[in-house]
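Make a model of the complete structure from these sequences and hints.
One letter stands for each residue in the lines below.
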Amino acid sequence: MSLAAAIRTRDAAALPSRREEDWRWTDLRGLIRAVPEPSAPVDPREVGQGAFDHLAETSFVVANGYEPARIEVAAGQAAIVSLRFLSRGEGAHAARAEVRLGEGARLRLLETYEGRGGYLAAASLAIGLARGAVLERIVLAGDDPEAVSVSQAEVTLAPAAEFGQVVAASGARRQRIETRVVHPGGDAKLRLDGVYLLDGKRHADLTTVVEHRGVDGITMQMTKGVVRDQARGVFQGRIVVAEGADRTDARMEHHALILGDRAEVDAKPELEIYADDVACSHGNSIGALDQEALFYARQRGIPEPDARALLTEAFIGEVVDRIRFESAREIVRQWAAERLRRG
Amino acid sequence: MLEVSNLHAAVDGQEILKGLSLEVPAGEVHALMGPNGAGKSTLSYVLTGREGYDVTAGSAMLDGEDLLALAPDERAARGVFLSFQYPLEIPGVPALTFVRTALNAQRRARGEPELSAPEFLKLARGAAQALKIDFEMLKRPLNVGFSGGEKKRMEILQMAMLSPRFLILDETDSGLDIDALKIVAEGVNALRAPDRAMLIITHYQRLLDYVRPDRVHVLSAGRIVASGGPELAHELEREGYDKYARAA
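Each protein sequence line maps, in turn, to chains H and L. The first sequence maps to residues 1 to 343 in my numbering. The second sequence maps to residues 1 to 248 in my numbering.
Heads up, a few of these hints could be off.
Label pairs and their calculated CB-CB ranges [said to hold, decoys possible]:
1) Glu51/L x Gln334/H: 39 to 45 Å
2) Glu270/H x Val144/L: 28 to 34 Å
3) Gln334/H x Arg192/L: 40 to 46 Å
4) Asp261/H x Asp66/L: 56 to 62 Å
5) Ala71/L x Asp261/H: 21 to 27 Å
6) Ser174/L x Ala288/H: 24 to 30 Å
7) Pro41/H x Lys139/L: 49 to 55 Å
8) Gln291/H x Lys139/L: 25 to 31 Å
9) Lys139/L x Gly48/H: 37 to 43 Å
Covered by chain L, per the in silico footprint, the following chain H stretches (three or more residues, Cβ under 8 Å) [claimed, not checked]:
10) 293 to 302
11) 307 to 314
Derived by calculation from the structure, the hints in this document are not laboratory data. This structure is a prediction, so every number in the text was calculated from the model and none was measured. Glycine included, C-beta positions come from ideal geometry on N, C-alpha and C.
Structure below.
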């Protein structure tokens with residue numbers, strides 16, 4: 001069942017539950033007894049500035065579900081757009097956005113999730129790239145620690161299109177950023193990266209599903225997480241290579257650092273391959289900070305808290321460095337540094 | 001400078017150093033030689049404060065200050081430097097960033113002003129040139145993908161830039177070809193000074209042909225069992241450690 005449907009019908013029984021394999025670790029049915037009242041409209045004076053607004057030519061705000069956003073970049077055009085999903089209060093709301101790129105169009109989509117309150121929010125995005133279009137999607141998901149927030153994007157690529165994404169998530173009571181991509185092959189390139197930095201009792205779930213349907217498709221995926229206190233990180237990555245999608249090149253990596261005895265990471269990397277002659281791999285590791293590297297840094301005079309921050313920032317930096325849009329990259333780097341240094 | 005007295009240390013409950021005493025006065029270079037398993041690396045880790053190396057008795061003083069009471073980074077700020085036998089790779093941290101962080105942390109701890117970016121870069125360029133290290137390499141993550149010889153040279157570069165007072169070189173000659181060995185030895189010799197002391201830990205006397213020690217000590221089964229002048233290193237090279245292993 002979908003969260004948007006549950007919000008629309010106010011039927012808690014329709015919430016995604018752990019009985020569904022994909023929602024095993026982010027069980028909303030078990031968490032929410034009753035779907036809250038619909039959210040009230042947000043006072044436009046409360047909207048303020050978003051983290052990326054100064055970089056964008058156009059800004060869209062979808063506040064407590066209003067109004068649905070439609071972003072279109074015509075063939076051959078280029079744009080930088082910020083898209084803010086804003087949530088206020090204790091109600092429930094579902095937001096929608098549609099993003100369309102014409103042939104050869106280029107878009108830098110700077111997306112944020114911002115909120116205050118114990119809201120229940122759903123966001124659905126439909127993203128389509130025509131032949132040769134290039135989209136870099138940078139998502140800064142900073143919901144309220146008391147909120148439940150789920151974002152689901154359906155991405156459709158035409159051949160020779162290029163879609164790159166990095167999700168930077170700081171979690172919520174429950175936060176899930178889900179990306180589903182239909183990959184046509186035909187030299188289309190897909191990069192799906194993610195970072196989650198969680199403390200307190202925050203929970204973040206980064207879920208991706210990629211379906212390779214044609215020959216010569218490329219998918220590169222790297223997710224890294226740092227969890228402390230009683231936080232919980234979830235990574236689910238599935239790559240399906242359909243029959244006939246030969247010469248697919250897909251690589252998935254997930255690495256997490258657990259910096260607290262009561263923190264938890266659950267990871268499920270999956271490759272389902274029905275084609276021949278493919279190069280697919282996945283790597284997954286969950287561990288603590290390298291004690292030898294920590295001692296090495298301290299021997300050189302770096303005090304322990306600084307050494308820990310240096311090594312965790314470097315760990316996350318490998319993903320942040322993959323962001324192509326330099327100004328946005330520095331905002332994400334700053335966002336990560338602030339979170340890692342306050343521990 | 002360094003005074004180690006009756007030092008006992010254990011790893012996982014097993015005693016490795018069994019009453020080691022050693023004095024290295026300022027201005028001198030001492031070599032510590034001995035068979036594998038004698039406790040050479042253990043001594044270097046005990047002096048630098050690595051976790052898991054438990055001192056059960058004895059003392060180690062640097063200029064009269066109790067080293068063993070200090071955290072590893074505090075010892076570094078007092079001027080203790082260990083050139084690691086196996087330098088660590090630090091993915092994601094450019095060598096320059098790492099050294100600048102270390103140098104400025106040490107300076108802060110000593111109450112000295114931090115170096116500005118231009119001052120630091122000038123220092124780094126000079127050190128890289130002296131050690132024939134391509135400056136571009138310092139922009140890459142520290143030691144990641146570097147050869148064994150490059151890693152050792154990076155250790156000496158850090159040593160030159162941090163300008164420590166008491167230097168411990170743990171098997172710095174291992175993994176070096178003869179050209180790299182000469183460059184490293186020159187780097188080490190350049191750091192010899194009246195207010196500095198060095199302890200060179202080595203299994204072979206090869207490095208000692210280029211960095212001539214004032215004294216040579218033989219470590220066997222956790223104790224210094226013989227001490228002498230540079231000629232002792234040659235004797236060990238000829239005759240091996242058998243005699244000392246028995247003496248222990």
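Cross-check of the supplied hints:
1. Glu51/L x Gln334/H: 39 to 45 Å: 32 Å, violated
2. Glu270/H x Val144/L: 28 to 34 Å: For Val144/L against Glu270/H, whose Cβ atoms are near 30 Å apart, the range 28 to 34 Å holds.
3. Gln334/H x Arg192/L: 40 to 46 Å: Roughly 44 Å apart at Cβ, these two residues keep to the hinted range, so it holds.
4. Asp261/H x Asp66/L: 56 to 62 Å: 33 Å, violated
5. Ala71/L x Asp261/H: 21 to 27 Å: 23 Å, holds
6. Ser174/L x Ala288/H: 24 to 30 Å: 29 Å, holds
7. Pro41/H x Lys139/L: 49 to 55 Å: At 51 Å between Cβs, range holds.
8. Gln291/H x Lys139/L: 25 to 31 Å: 27 Å, holds
9. Lys139/L x Gly48/H: 37 to 43 Å: 39 Å, holds
10. 293 to 302: holds (count 9)
11. 307 to 314: holds (count 5)
Hint violations for this structure: numbers 1 and 4, all remaining hints satisfied.
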